[in-house]
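Novice: Next come the chains, spelled out residue by residue.
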Amino acid sequence: MPNPTQNPKVGLFVTCLADMFRPSVAFATVKLLEAAGCKVEVPENQTCCGQPAYNSGDKATTADIARQTIEAFDGYEYIVGPSGSCIGMLHYYPDLFEENDPWKKRAEDLKSRAYEITQFLTDIVDFDRINAAFEGTITYHDSCSGLRQLGVKQQPRKLLSKVDNLTLNEMEEAETCCGFGGTFCVKYPDISNRMVSNKTQYISDSGATTLVGGDLGCLLNMAGKLKREGKQIQARHVVEILAGMTDTPAIGEAEYELANEL
Amino acid sequence: MQIKSPQFKENARIALHNVELQEALGQFKHGFPVNRANAIKRLPEFEDLRDEARDLKNHIIQNLDIYLEQFEDNVVKNGGHVHWCSTAEDANKAILDICKQVDAKTITKGKSMVSEETGLNEYLEANGVRPVETDLGEYILQLRDDHPSHIIAPAIHLNVNDVSETFHEHHKRPKTGDPQALMKEAREVLRKEFVSADVGLTGANFLVAETGSTIIVTNEGNGDLTQTLPKTHIVITSIEKVVPTLEDMSLFLRLLARSATGQEFTVYNTLSTGPKRDTDQDGPENFHVVLVDNGRSEMVGTEFQDMLRCIRCSSCMNHCPVYGAVGGHSYGWVYPGPMGSVLTPKMIGIDKAAHLPNASTSCGKCEEVCPVRIPLPKMMRHWREKEFEKHLTPKTVRFGIAGWAFFAKRPALYRWLARSSAWFMSTVAGKKGRIKKLPLAGGWTDWRDMPAPQGKTFMDQWKAASSAKQQAEK
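Line order of the protein sequences matches chains A and B.
When we follow my numbering, the leftmost residue of the first sequence carries the number 1045, and every step to the right adds one.
When we follow my numbering, the leftmost residue of the second sequence carries the number 15, and every step to the right adds one.
Check the hints yourself; a few may be wrong.
Stated by the list, open to error - Here are the simulated BS3-like cross-link-like pairs (lysine-lysine), alpha carbons at most 25 Å apart as the crow flies: (1) B:K470 - A:K1075; (2) A:K1206 - A:K1155; (3) A:K1148 - B:K107.
To be verified - Computed far set for chain A versus chain B, every beta-carbon distance over 12 Å: (4) T1049; (5) K1053; (6) D1063; (7) G1119; (8) K1231.
Think of the hints as simulated: they come from the structure by calculation, not from any bench.
Predicted model, so just to flag it, every value in this text is computed and none were measured.
Positions of the beta carbon are idealized from the N, C-alpha and C atoms, including for glycine.
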């Protein structure tokens, strides 16, 4: 096994949206991490990464949440989560503390251990023994924070190429923001709608039957729009495909739609 | 210019419903960004040049006083004058004074965003001097009593029909929809203005300290006619445009055109070094540089200092999905797009411009394409922090954040909140898997469905599974 550290102890950063909307994404992440030989634990004291406060200019609250998260993940060799956006937020923690504040060092330390799941599997533990099949054509949306802040681009594609029967059709403007933007989508809903409408057009033009991405925020936004437009395109988090866990209904779909699909 | 930034939301709503504007914006995104990408492919050292330009700009900003004084010394040595203006009003007044000295009635203008910033046209008109815009886009806008919606393609929000109507109305000639014919018409009208103007005013892309030169880069050649034909040439520009040497200037020129229009080089690159010398056949007899600060020097040493690196290429707005959706006028003042969302709050106040740094998804595309690597999303967030510190953040947002933070800082309560929300939403969704309308979430469900939670939260399921496992092990 090409793993520099044998059975590293990994703390799962669940993320709010996976916890609340789509636990299957967190379970799929655990399954992939365990397949890669990691010992996975879920620290009790984690909540949100703090992004809503950070993006609203409330630095003090963000710092409170950062300290809580840093403490919750003390002692883990790595912190891994199924979101470039939330892990990206963990990478901003050092900016929250002054140079001589001891928390700054701890924040730097957390940052050095925090990875998005596809990045972790590919770049850190060099795992590619994907044991999954997916019948269909997918298209991949590159979520902004993962792409531009963390450099997640080839990693999910490399892993997806190991999935049996899967075809990837790249859409036009795969790297253009979907218009989610956290609170942006409710603060400026009509602008957000324009952006997500452009996106769903590109998604359907790609000819794919499933939209895949690495961030639930973006996926909820795009899936919600695809459903509202009546487009017959499903949306799934990349880890569901990689872990072979596509027996649950796709995002925003019901049990009976899954039955129809089968 | 009237400030309409506080009405950003309303401006954006109107823009989103403007079919012609949406068509123009739709075409726009296939123009400059595509050309830029192609130009960069042909220049392998582009990324290295960006680093070099960023570092050089940082050095210049650290030594701004030194280079500006060197620039002034050389302008004076060449026989020109430098006017230091700390505010927009000072700049307008300095220009009017020069106009009065030479008894000017008409002033031709090359394209200048700094003159938009100071509201120069309105000021001159009110004081009996007639400004004539000579950049084609600016000329069209002036006839329409309109303002630029983009810093290098000012009339990007208009189509050929708009121009045709405007020219027909003002030039009293037969209507034509042929762009070439329209351009010829403008050229004929403007030619008379070029030769009869008393003063020619241009902006400057860079100021060269070692020679005291100013440079304009244009694609129409109107700037050259503006600055060489009248007896007096005034350059209105801002302090951060100074560069140490001609060699340094060429570094920025290599980045500027490629980042802006995707050209290797702009068609006309014209340096002005003082007034006409005895041995010169042509050129202005008087040469004035009006150096505008207007809040810029206050940015040095603050979290907004990096913004002073900006070379006004427009790449950030060309690639911004929000600009691409609502166009430049929605931003409600002179500078639109990401660079405007950082500059405008400094110039008109965060109280009036608060929407601009908020109306961003922080997608980071602007920073990715900025030739001098300005961390624009970070600076927009700094403005949000200022807004929050000054208690300008809307009450709904403040209360929302405070309420959410109360839970987020208490893991056990947060579990409960997630559990209840997941239960509530799955109950509302029933068996449908998604929600068409959700109370208090109209911002979302007016436009798209809300995918329903799967049921129990992950944390609850994980905990249950873990205790079951422990039981089994016992």
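Novice: Does T1049 (chain A) really sit off the interface, with its C-beta more than 12 Å from all C-beta atoms of chain B?
Specialist: The assertion about T1049 (chain A) holds, with a minimum of 24 Å to chain B.
Novice: Beyond 12 Å on every Cβ pair: is that true for G1119 (chain A) relative to chain B?
Specialist: holds (17 Å)
Novice: Are the Cα atoms of K470 (chain B) and K1075 (chain A) separated by 25 Å or less?
Specialist: holds (19 Å)
Novice: Could you grab the alpha-carbon distance between K1206 (chain A) and K1155 (chain A) and see if it respects the 25 Å cut-off?
Specialist: violated (29 Å)
Novice: For K1053 (chain A), which was marked as not at the interface, is the minimum beta-carbon distance to chain B over 12 Å?
Specialist: holds (16 Å)
Novice: Hey, does D1063 (chain A) actually stay past 12 Å from chain B on C-beta?
Specialist: violated (5 Å)
Novice: Measuring Cβ to Cβ, find out whether K1231 (chain A) lies farther than 12 Å from everything in chain B.
Specialist: violated (7 Å)
Novice: What's the verdict on K1148 (chain A) and K107 (chain B), does the C-alpha distance respect the 25 Å limit or exceed it?
Specialist: violated (50 Å)
Hint violations for this structure: numbers 2, 3, 6 and 8, all remaining hints satisfied.
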